[in-house]
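Trainee: Sequence:
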Amino acid sequence: MHMKRISIKLVVACLLVVASLSAMFIALIPPALSLKSDAVDFVVEAAESAADQAQFILAGRLRMVRLFCNVIYHASLGEDLLSPLDPWKLIRWGGALVVSQDLSLILAAKDNRGFLITAYNTVVLGAPLPGYVYVTNFTVPGQFVSSGFFNLNTLSPANTSVPWMNVASTVRFRATPAGVKLASPNRTSPLEWVSPSTRIARGAASSLLSYGGPVNRSGKDQLLSCSFRGDALSSYIANVHITTNGVAVIADAATTAYIAGTISDPTGRIVNNTAILLLLGELRDPRFAPILRSSFKGDNASCGLEALLRCATPCTFTFWPHSHTLVPSGRGDGKHSEMFDVLFHTFVVVRVVDVSDTVDTGALALRLIVTIPSNDVIQAFLEGFYQSLGIPATLVIVVCAATIVLVAFTFRHLSELERDLLRLVNVFTEQNSQQQHDDEVIPLGANHNHHRLVVIRGEARHTAFLSMFPEFERISRAMSTLARQLYTLRAFSSLQVHQPLTSAPLSPLLSSDHYTPTTDTSKGHEDLLSSQVRERSDYFGDRTFDECSDGGIPYDIGGGKSWRVPVTTVWATCGEGMLSAGKLLSAADPVAVVQRHDVVLRVIQKLTAKYKRAAAVDYFFGDWFLMHFNAAGRVPNHVAAAIGVVCGCLQELRYALHFQIRHSQQQRLPTTPVHFGIATNLALCGFMGPKQSKSFTVVSPGEAQAAVVCRVATTLNVPVMLTWRAAEVAQQTHSGKGRLPSANVTPLLRYVPIARILLPSETQVTTAFTLTNSKMDKGTKGYDLP
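Residues 1 to 786, numbered by UniProt numbering, are exactly what the sequence shown covers, in order.
None of these hints come from the bench; they were simulated from the model.
Please note: incorrect hints may appear among the correct ones.
Said to hold, decoys possible - No farther apart than 27 Å at their CA atoms in a straight line, the calculated lysine-lysine pairs in the DSSO-like style are these: (1) LYS110 <-> LYS220; (2) LYS561 <-> LYS612; (3) LYS36 <-> LYS297; (4) LYS220 <-> LYS89; (5) LYS694 <-> LYS612; (6) LYS691 <-> LYS610; (7) LYS691 <-> LYS561; (8) LYS110 <-> LYS89.
Claimed, not checked - Pair by pair, the computed Cβ-Cβ distance ranges are: (9) ASP285 <-> HIS74: 39 to 47 Å; (10) ARG419 <-> SER295: 47 to 55 Å; (11) PHE56 <-> VAL271: 35 to 43 Å.
Each residue gets a CB set at the ideal place from its N, CA and C atoms; glycine is no exception.
Take the sequences, apply the hints, and build the full model.
Mentor: Structure (structure tokens):
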């Protein structure tokens with residue numbers, strides 16, 4: 001588990017900002033409290049005004065229908081409007097009002113014959129014809145009806161050639177839901193409102209509000225109905241201005257049925273070929289449905305639907321979408337909302353009123369529900385309030401930012417010291433290179449497709465700086481000195497060698513898409529390394545690297561015990577330059593092979609001879625050479641010494657190649673003569689083997705690691721490649737004072753990250769480095785060492 005760390009400067013800056021904003025916040029509490037009450041009152045007043053206006057208009061419509069139907073009723077008592085089965089009397093009495101108010105008027109005899117007068121064909125998709133009324137004659141009830149447009153004044157048909165159109169229909173008016181309710185004998189007055197019923201039009205069900213009753217004249221039983229269709233009533237309500245996003249819904253409290261409204265839901269639906277009303281709980285319009293399904297903070301209801309239908313009208317509620325809660329509300333009542341809800345959350349005010357034309361509306365219990373979103377009323381008011389906060393908030397932010405910038409500039413060296421301190425704290429846990437994935441650990445022996453080669457650029461430096469504060473300068477100098485020692489210690493620490501030395505697999509470094517051996521010597525090298533590891537595995541068995549040491553004194557050969565010391569290993573292989581230069585063109589020529597090996601071996605032995613037995617060529621097979629530094633004897637700054645030997649070898653071998661090319665009259669300078677791989681790691685040194693034939697042996701993960709980076713150097717055609725440990729130790733050696741003369745390396749070298757590889761005996765992908773002349777342009781790709 002990794003604990004998150006936060007810079008103390010960031011904490012101080014945040015505290016400064018928080019303190020400033022808190023002061024401004026506290027100063028705004030009084031106006032915010034008054035704003036809360038005023039904002040709610042504004043929306044409540046808008047909801048009350050819209051609901052009262054819609055209630056007045058709808059009540060007038062109901063009253064108009066009632067009075068109109070009473071007139072037709074009394075006219076039917078005075079004369080038979082159906083005799084002799086023509087619609088002209090009925091049109092003269094009610095045609096004009098039906099067309100102007102978009103009503104439906106039906107007068108039917110006991111045998112279901114009669115007339116339906118509407119403004120247009122409401123059963124199918126139709127449109128009104130100005131000056132005409134649409135008449136439907138129930139000619140043969142249950143079989144077909146006849147219909148057509150007729151002039152309101154002259155009663156002439158709109159279609160003179162075919163005045164009546166016959167359409168098959170199974171409708172019997174007295175059998176419809178509205179007809180059954182109107183004909184019921186259980187009534188207190190001749191005409192009355194009946195409960196909402198349904199009708200089918202255009203293949204869909206819709207609601208119907210009907211007023212009427214039986215007409216008994218001279219023994220003739222007739223049935224009169226004056227109706228509001230649900231779709232017509234919804235269109236009429238839509239013309240009553242609520243707000244931009246507000247809605248108005250008419251519902252029947254007795255049956256919880258949805259009658260009409262300005263929402264997208266239909267007023268009915270068809271189930272098993274039967275039209276039924278849509279209930280409020282089944283509504284889906286996103287502007288209204290969440291209110292019905294909200295939780296209610298009150299005593300007499302558990303949800304929003306129950307609260308809207310059970311409250312004593314008129315009643316007002318506030319719906320908070322962010323908490324999905326409906327609360328009772330009113331002007332000056334903000335106890336059910338939090339202090340700053342109005343500032344940060346939108347809300348909806350719900351107003352519920354009754355709709356009726358008289359005190360007694362029969363079986364109707366209509367309620368008008370009007371919702372007003374707060375954004376439609378107080379959006380501009382809140383925006384003005386927010387804008388008034390802009391100037392002080394901007395001023396606070398500018399002052400805080402200026403303070404932070406000033407402090408950051410003044411104490412910029414402190415930030416650098418903090419980074420260096422953090423680097424030193426994590427010196428034994430961090431990887432010297434950036435990981436593609438921060439916590440990705442690649443197990444040893446993983447599929448070789450994970451060993452992808454990535455070419456990168458960059459370098460790390462640890463330098464002291466001069467500051468205007470002497471304390472910073474002294475701390476920086478101390479840290480610079482300590483850093484060199486810590487990084488050197490980390491490079492040779494066994495804490496990062498998580499696997500036993502002899503269990504490291506020799507899987508290919510690169511995938512087949514990136515690396516393919518080009519010479520037979522590569523295969524021979526792999527076979528030799530594999531056999532070498534098997535022999536050492538047999539010797540050590542299942543013991544780990546730490547268990548193999550006998551605790552001997554370093555370099556005490558006469559003690560008979562093995563010891564552990566940091567050892568730098570250098571692998572070298574002949575490059576294309578040595579394989580193709582001058583007389584050595586034929587690699588199969590034994591004389592050419594001997595000459596090639598002689599040239600390389602003499603140069604390497606000459607340069608390592610000055611360290612006596614502390615540095616030597618321990619293995620030589622084929623085109624491969626293996627050198628150890630600091631194994632049998634101490635070599636101060638052995639990594640730097642190895643780099644010096646490598647640079648010297650390259651210089652002399654290139655000179656030798658140049659001499660051969662001049663005598664062989666070749667026109668082109670060959671490429672790199674020898675590729676070197678340098679690795680440094682803890683090693684187990686001493687005389688090992690059977691008692692009769694012990695020999696000095698070096699066992700170290702650095703051998704396999706040096707071989708791997710040497711192969712990568714050959715692939716990338718660079719002369720030298722170092723592991724991250726070797727590069728880190730060398731950079732620490734070169735970064736400060738006290739460099740010993742044994743470190744025979746020019747200070748003009750620069751360490752350039754070049755590849756990401758997984759080394760044997762390590763569990764994470766690390767960075768490999770190459771050397772280049774520091775005077776060269778960093779943007780150029782050059783590895784032309786001396």
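Trainee: Give a verdict on every hint.
Mentor: Status of the hints after comparison with the structure:
1. The hinted pair formed by LYS110 and LYS220 meets the criterion: a straight-line CA distance of about 8 Å does not exceed 27 Å.
2. Under the criterion of a C-alpha separation no larger than 27 Å, the hint pairing LYS561 with LYS612 is consistent with the structure, at around 22 Å.
3. For the given pair, LYS36 sits about 19 Å from LYS297 by alpha-carbon distance, which is consistent with the 27 Å threshold.
4. At roughly 17 Å between alpha-carbon atoms, LYS220 and LYS89 fall within 27 Å of each other, so this suggested pair holds.
5. As the CA atoms of LYS694 and LYS612 are separated by approximately 21 Å, the hinted pair is consistent with the 27 Å bound.
6. With a C-alpha separation of about 32 Å, the suggested pair LYS691 and LYS610 falls outside the 27 Å cut-off, and the hint is violated.
7. Of the pairs offered as hints, the one joining LYS691 and LYS561 holds, with about 13 Å between alpha carbons and a cut-off of 27 Å not exceeded.
8. Under the criterion of a C-alpha separation no larger than 27 Å, the hint pairing LYS110 with LYS89 is consistent with the structure, at around 19 Å.
9. Hint check: ASP285 to HIS74, Cβ distance near 42 Å, so the stated range 39 to 47 Å holds.
10. Restraint check, ARG419 to SER295: a C-beta distance of roughly 53 Å satisfies the suggested window 47 to 55 Å.
11. The supplied range of 35 to 43 Å is met by PHE56 and VAL271, whose beta-carbon atoms lie about 36 Å from each other.
Of the numbered hints given earlier, the model fails hint 6 alone.
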